[in-house]
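Starting from the structure of chain Y, add chain Z where the hints point.
So the chains spell out like this:
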Amino acid sequence: MEDKKDIMEKAADVLKNEKIPPGPSQELVNETLARLAETSEHPETIQLGSRIRFRERLRAIHHLYKVAAAVILLLVGGYAVGRLSAPRPPDLKELQAVLVPAIREELLDEINENLQSSYASLTDSLDRKYQQDLNRVGMQIMAASNTVTNERLAELAESFNAYQTQERQWFTNVLERMESNRLQDSAVLSNALVTVAQQTKEEMERTKQDIVQLLPYTQPVGSTPD
Amino acid sequence: MQVIDWNIIIKEHGPSVWKTAYRLLGNRADAADCFQETFVSALSFCRRQRVRNYSALLARLATARAIDQLRRRFRQAQSKTDFMDCAVEEYDNTGPYEQAERQELADRVRQSLSALTPQEAQVFCLRYLNDMSYREIAKQLGISTNSAGVLLHRARTRLRQSVEFSTQE
Numbered sequence: 001m002e003d004k005k006d007i008m009e010k011a012a013d014v015l016k017n018e019k020i021p022p023g024p025s026q027e028l029v030n031e032t033l034a035r036l037a038e039t040s041e042h043p044e045t046i047q048l049g050s051r052i053r054f055r056e057r058l059r060a061i062h063h064l065y066k067v068a069a070a071v072i073l074l075l076v077g078g079y080a081v082g083r084l085s086a087p088r089p090p091d092l093k094e095l096q097a098v099l100v101p102a103i104r105e106e107l108l109d110e111i112n113e114n115l116q117s118s119y120a121s122l123t124d125s126l127d128r129k130y131q132q133d134l135n136r137v138g139m140q141i142m143a144a145s146n147t148v149t150n151e152r153l154a155e156l157a158e159s160f161n162a163y164q165t166q167e168r169q170w171f172t173n174v175l176e177r178m179e180s181n182r183l184q185d186s187a188v189l190s191n192a193l194v195t196v197a198q199q200t201k202e203e204m205e206r207t208k209q210d211i212v213q214l215l216p217y218t219q220p221v222g223s224t225p226d
Numbered sequence: 227m228q229v230i231d232w233n234i235i236i237k238e239h240g241p242s243v244w245k246t247a248y249r250l251l252g253n254r255a256d257a258a259d260c261f262q263e264t265f266v267s268a269l270s271f272c273r274r275q276r277v278r279n280y281s282a283l284l285a286r287l288a289t290a291r292a293i294d295q296l297r298r299r300f301r302q303a304q305s306k307t308d309f310m311d312c313a314v315e316e317y318d319n320t321g322p323y324e325q326a327e328r329q330e331l332a333d334r335v336r337q338s339l340s341a342l343t344p345q346e347a348q349v350f351c352l353r354y355l356n357d358m359s360y361r362e363i364a365k366q367l368g369i370s371t372n373s374a375g376v377l378l379h380r381a382r383t384r385l386r387q388s389v390e391f392s393t394q395e
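Going line by line, the protein sequences match chains Y and Z. Going by the numbering used here, the first sequence opens with residue 1, and the numbers climb by one from there. Going by the numbering used here, the second sequence opens with residue 227, and the numbers climb by one from there.
For reference, chain Y alone in the conformation it holds in the complex (with noise of 0.2 Å):
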């Protein structure tokens, strides 16, 4: 089996690998270049294929003919025995006694599955209707419910912001009395603290003073009893 493989594939290569001239040459795509020209020039050596086609589509009409004819045979064999084995026209007024009630039933039959099956349609196709209905007007509202809450929410940001304003104004004009009373208590203060400072130097200049009138009233220190 390998030995076979070996041989088929061996072939295969050597005509693969086989040494192949350079080309095609000039000459040769000249030549072919001249002869695809000519080949377009005539159009009839073109239209074989056609030809070919019709010729082959006229074989077959060929042999249509069998099969027509066949068909043919077949129609007037059964038309002829199709008349031959027919049972004679039935009598009209017993055809209609009989056919008459039975049309009418199943006339009534498929009116009223008709308008059940209308009914259905309809009764469906309102359900629909009413549906879609209700959708519309839930959306409508929603909007509108919508439209309405966003407006009243915006009234409310306003109104929250015009509180939050004052609020702040007023927080304002506090700190700026606070600021101002600290300032005028802190003024208020450091004249006293001045005032009291200056009191505190006379006091201790007049004490000073004292002190030196009295100093000549003390013994010495030697003079001190054992």
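To be clear, the hints were calculated from the coordinates, so they are not data collected in a lab. Be a bit skeptical, because a hint or two may be false.
Pairs of lysine to aspartate or glutamate, EDC-like flavour, derived with a Cα cap of 20 Å [what the hints assert, rightly or not]:
(1) Y/10 to Z/324
(2) Y/19 to Z/390
(3) Y/16 to Z/390
(4) Y/16 to Z/330
(5) Y/16 to Z/294
(6) Y/10 to Z/327
(7) Z/237 to Y/27
(8) Z/237 to Z/263
(9) Y/19 to Y/9
(10) Y/16 to Z/333
(11) Y/16 to Z/327
(12) Y/16 to Z/357
(13) Y/19 to Z/330
(14) Z/237 to Y/38
(15) Y/16 to Z/324
(16) Y/10 to Z/294
(17) Y/93 to Y/105
(18) Z/237 to Z/259
(19) Y/19 to Z/327
(20) Z/237 to Y/31
In this text the structure is predicted, and so the values were computed from the model without any measurement.
Below, chain Z alone, put in the same frame as chain Y:
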């Protein structure tokens, strides 16, 4: 209507068509005939329908024309040596024995290919010599991929038998 510049197409695809033709026919004269017939067939094909892949189409047409020529050649039962190109042998660096063996095997394959049905031979050549995939071959030959596989299998089996038989002879 497609406007085709055959000059460009021959310039672009001519070498591969030449290779395909020469590889299968083994001599310049037949390869040149096959080359011309391939492009004439391509022209008539282009008139019938739009071509999207010139490379694949030309490979298929070249293979088909070459196989037709091979069949004609072996039907006429001419000598194998008549178709050898001495000029080509000069390029080969292998020894004379190997060279003769290779040449003999190549001729045997050519003869065996001419004994296959045209479609089998085409499928074999497109697969093994032009390295086309099953899908491409099926597309080019207008058959299903499975059919291409079946044809290739048959071609391989028959070729193997034929090559083996001629080797035993």
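Results for each hint:
no.: 1; hint: Y/10 to Z/324; verdict: holds (13 Å)
no.: 2; hint: Y/19 to Z/390; verdict: violated (24 Å)
no.: 3; hint: Y/16 to Z/390; verdict: holds (19 Å)
no.: 4; hint: Y/16 to Z/330; verdict: holds (14 Å)
no.: 5; hint: Y/16 to Z/294; verdict: holds (19 Å)
no.: 6; hint: Y/10 to Z/327; verdict: holds (11 Å)
no.: 7; hint: Z/237 to Y/27; verdict: holds (13 Å)
no.: 8; hint: Z/237 to Z/263; verdict: holds (16 Å)
no.: 9; hint: Y/19 to Y/9; verdict: holds (17 Å)
no.: 10; hint: Y/16 to Z/333; verdict: holds (13 Å)
no.: 11; hint: Y/16 to Z/327; verdict: holds (15 Å)
no.: 12; hint: Y/16 to Z/357; verdict: holds (10 Å)
no.: 13; hint: Y/19 to Z/330; verdict: holds (14 Å)
no.: 14; hint: Z/237 to Y/38; verdict: holds (19 Å)
no.: 15; hint: Y/16 to Z/324; verdict: holds (16 Å)
no.: 16; hint: Y/10 to Z/294; verdict: violated (24 Å)
no.: 17; hint: Y/93 to Y/105; verdict: holds (18 Å)
no.: 18; hint: Z/237 to Z/259; verdict: holds (17 Å)
no.: 19; hint: Y/19 to Z/327; verdict: holds (14 Å)
no.: 20; hint: Z/237 to Y/31; verdict: holds (13 Å)
Hint violations for this structure: numbers 2, 16, all remaining hints satisfied.
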